[in-house]
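Participant: So you can see what is in the structure, the chains are spelled out below.
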Amino acid sequence: MSITKLAAPLAIALAISFTLPIINHQYQTAYASETGNSQETELKHKIDTSKLSGVDYWIADMYNNDRVMYAVVVTLVMAVLGTSMAFLTDLVLKALGLEVSKISHRE
Amino acid sequence: MFDIHLPIAGIDFNILLLILIGFCVGVLAGFFGVGGGWIVTPALNIFGFHMAYAIGTDLANIFGQSIGATKKHSKMGNIDWKLGSISIVASVVGLELGSQLILKLEKIGDVGSIVRWCYLFLMFSLSVLMFYDYFKTNPKRVKVNSKSSDAKGGTDPPSTRSKLAERLHKINIPPMLSFPTSGIQSVSLWAVLLVFAFTGFLSGFLGVGGGFIRMPALVYLIGVPTAIAIGTDLMTVLVSGAYGCFTYAMKGRVEIFAAFFMLIGASIGAQIGATAVKYVKGYGIRLLFAVMIAFAGCSIALEQVYKITSVPAYQTAAGFVLMGTAVCLTLIVIIKLTVEFRREKRIRS
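Chains A and B, in that order, are what the protein sequence lines are. Using the numbering used here, read the first sequence as starting at 1 and increasing by one per residue. Using the numbering used here, read the second sequence as starting at 108 and increasing by one per residue.
There is no bait here: all hints are sound.
Covered by chain B, per the in silico footprint, the following chain A stretches (three or more residues, Cβ under 8 Å):
#1 58–65
#2 68–80
#3 89–100
Just so you know, the hints here were simulated from the structure itself, not pulled from any lab data. Where a beta carbon is used, it is the ideal one built from N, C-alpha and C, also for glycine.
Pulled out of the complex, with its shape left as it was, chain B reads as follows:
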């Protein structure tokens, strides 16, 4: 029931499943400012979608869903256009360097295992850093922030920034730039370029979109408020998604019908996810982000065990961990949105 024939991939696939996968990834993409490719590709694969088409189809979906999410974040004032433009340029350079390094290393031998270990290390390190930030640093910051926000009624005061961001802002190599939308008065262009080139390099080296690397980098290294980091990152995802969609379609790797139905769910989800950002404080978003990448790390660890042992059960478990995490986090975001919206409505009336 509800099966549709996908002529490009040559298989029958459940239409509701496509919409559901799209919806979950859309909510998370709109809420966290990521593309969500690392969820969709294994999710499609679990349910029998050909891997040859999974990545391209996913990129087509990412492009479509990020249009609406970017628009919504733009409306909420969550996009720093200047910073986003620099991010796109520097990320492309870094990405090219990362992928060139992989190509060189592949000539020496199989680098797949090294890449997966690096990926795993990055996921867990980021997760630990963000959990640490939530449990150790945030209670003080929240107090400072609430007082200052009340006084200024605007963007974050500098005191909410991480120590790494404060150090980065002290680099005085001209030209110096200001990013008023992000509340950054002065920062060296070179420092910003270095951060984005580094995140681009990592995404090129690991072969991932990089949204989950860029978003924390914007918060912890450049000192951008969480909501603006999400919106600005989505702008970069929009551009890279458009490029990925077209280039993979040219290689015949996009199943247009699957992408179409997934996008119906994803566009609705992305709007809901982006709206939820209004109701959740920055540290709450960062906590959920940390949970998400911790479970994604577990999934990659299971995948790595599968590569070592060749027991298919580990690969299946990896896919289910990822899908389970996506569904649970989607529910959390929707529940949080509903609860906070009702509270706001009560206060108004």
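Bound-form chain A, shown alone:
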């Protein structure tokens, strides 16, 4: 029951986090091209990828060339790692006897 309940806000969280910034990004890009004002908060610098390899290179290259994809990857990595680490920690805590269930609230 709890996982089902968590799935809805997590889905909403991901939907909001993906759509609103993209709309905002598109709007700000259009606004910047019309007015000539750059987005002050966005980091424009490029990472030197010549000395990088493997995952480091892949991430840095994505960071340089496709910020939207970089943001999607960051958010998904955080979601997957957060969920799996929580699952593993929960297993360890259960093994130690620290299993939780519905509690009565004591003020």
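Following the hints, complete the assembly by docking chain B onto the known chain A.
Facilitator: Coordinates of chain B only, in the frame set by chain A:
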């Protein structure tokens, strides 16, 4: 030793330090129902992490750690989904109003100092209110609560609520809502919206996540039991963290490798912190929360002195006060969890 190259930020950073910072903030986030950004950002900064990436990296970590903590609180019945959904909507409106006000004020002049004084005032006021609640009000409440809980075996009786919450519940402007999970039979939707819009406004005005404002607001203004306030607040932190993570990553302000290692520690810490809520009574959590924001207030005061005097030692001291507080409170939560768990085990056997 244990240094890792962070390609986005272009620096080398100690991997164990990242996991340790993550672990401390995770324990506190799971235990208090906050994001913990006000600890991570200065902590990273103290150890030489670029400020340009600190906030975004922290938000990515907050998003990841709050998934597990929210799940655990959900399992313990600590989340009022209905109240949390209203909180998200109203907080966004309030946050937008707060940030718009800041943008308008910035056109007039430098508002940074005013914001910091307001932040300082809020921290110390909240802290004083919560200490007052603990030392003056709680002994009576605890007696009432224990009797009623024994009789009902469930959520708090109305008598445990603050006077402010009781007054808020008397506002009879329809539509009236009930929040059975929080033990609230009837409260005006407008009153609830006003509270969340106000806390959202404050977080927008101060430029903070707002978990440390929302959690006490849920307890003292809406009358939600402490454990449910923590879980419900974490639900809001989860949504705002996801949004913050993505939007800051799009601006190139998230160092994914640092966030990754911090999240390993934070996810473990958040599970431990959330589990500890089971073993600590509401007034104990509120006391530790008051201690935490009192020291956070001291840290902001030192930061303010630095802004006035430009002596770097004050800024360093501010960071160390914050880190010291985080480490001490993490240890207290873990010790409390261990002691209470052993006691429970003894009683069972």
